[in-house]
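*Asks:* Sequence:
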Amino acid sequence: MNTILRACHLNKSFGKQEVLTDLNFEIHRGDIVGLIGKNGCGKTTLMKMILGLTPLTKGEIQFEGDSEYTTKRNSLNKIGFLLDCKLFEDFSAYDNLKLFSMYSSSIDKSELDKRINKLLKFVGLDNSKKLVKSYSFGMKQRLGLALALLDDPEFLILDEPFVGLDPTGVRVLLDYIVKLRREEKVTILISSHQLHEIEEICDYFLFINEKSIETHTKLGKNKIIITLEYAVPELEQSLSKLVTLKEGQIILPHDMMLLNSILKLIYKYNCEIKDITMNDSIEELFRG
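If you're matching positions, the sequence shown starts at 1 in the UniProt record's numbering and goes up one per residue.
Hints in this document: simulated from the structure, not taken from any laboratory. Take these hints with a grain of salt, some might be off.
Stated by the list, open to error - Subject to a maximum C-alpha distance of 30 Å in a straight line, what follows is the list of computed DSSO-like cross-link-like pairs (lysine-lysine): (1) LYS114 / LYS130; (2) LYS241 / LYS268; (3) LYS86 / LYS133; (4) LYS211 / LYS268; (5) LYS211 / LYS16; (6) LYS268 / LYS246.
Stated by the list, open to error - Estimated spans, in silico, between C-beta atoms of each pair: (7) LEU263 / LYS38: 31 to 39 Å; (8) ASN39 / SER67: 45 to 53 Å; (9) SER67 / GLY248: 43 to 51 Å.
Please read all numbers here as calculations on a predicted model, not as lab measurements. For each residue, glycine too, the CB sits at the ideal point set by N, CA and C.
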């Protein structure tokens, strides 16, 4: 895997209060990675550390193999972010992007108008001449996404981008995020409490729990797990064509017709069921 960002033995304390302890993780280029955990666990702090907005207490973060990237403008210009976005309410979306571009050294000024119009079209605001103060919250979030993309970043950090959005707004923003990875090949780190939505788009998850971090591969949504007392070879052979069989457990999606077929096979070969459970996606992590 091509690693774009790596954290090594990362620690963060505020005074005597330790917030994050010995974090080690990697983010692979081209992936969408979910950063999850309970409120106050340190998700936003970690994102600010990656951006160089909050100093590390111990350890290091490497971006493209460089641990000094936060001191280099060219490296920082490769990282876009949407945290607590402050917009110029009395200006249009176009003028907001024009104003923010003044702080960037990576944009070719002769191509600026073309770049702004492309971004506004990408987020569906190209036909809006209204002032930002008249925007819905969803429109403001989409403008914030355009601002985060202004420098054409390779790596994008999105902190709780769905907060305050209705279901339609969430769906629209999700579609833009997926499109961004697909068309622009941007690596994305996203935190959210909309767990079901980000499970749909993320390749894997970084779960902050009790100051530490765990990496979880894409978890099954509503999987049924059947644990057998024992399985005869004939049953294993039949099951191998239909589902995953691992260490006496049959793992299948939430499909009642498939479940019925599996149960018939189990009874056919006179095997006994020890337990049947349902794995309900990443929300299980919060109940642990």
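*Asks:* Next, verify each hint and record whether it holds.
*Replies:* Checked hints:
1. LYS114 / LYS130: Roughly 20 Å separates the two Cα atoms, so the pair holds.
2. LYS241 / LYS268: holds (16 Å)
3. LYS86 / LYS133: With Cα atoms ~12 Å apart, LYS86 and LYS133 stay inside 30 Å; holds.
4. LYS211 / LYS268: With a Cα-Cα distance of about 49 Å, the restraint between LYS211 and LYS268 is violated, given a limit of 30 Å.
5. LYS211 / LYS16: holds (14 Å)
6. LYS268 / LYS246: holds (20 Å)
7. LEU263 / LYS38: 31 to 39 Å: holds (37 Å)
8. ASN39 / SER67: 45 to 53 Å: For SER67 against ASN39, whose Cβ atoms are near 30 Å apart, the range 45 to 53 Å is violated.
9. SER67 / GLY248: 43 to 51 Å: holds (45 Å)
Consistency note: the structure conflicts with the earlier hints numbered 4 and 8.
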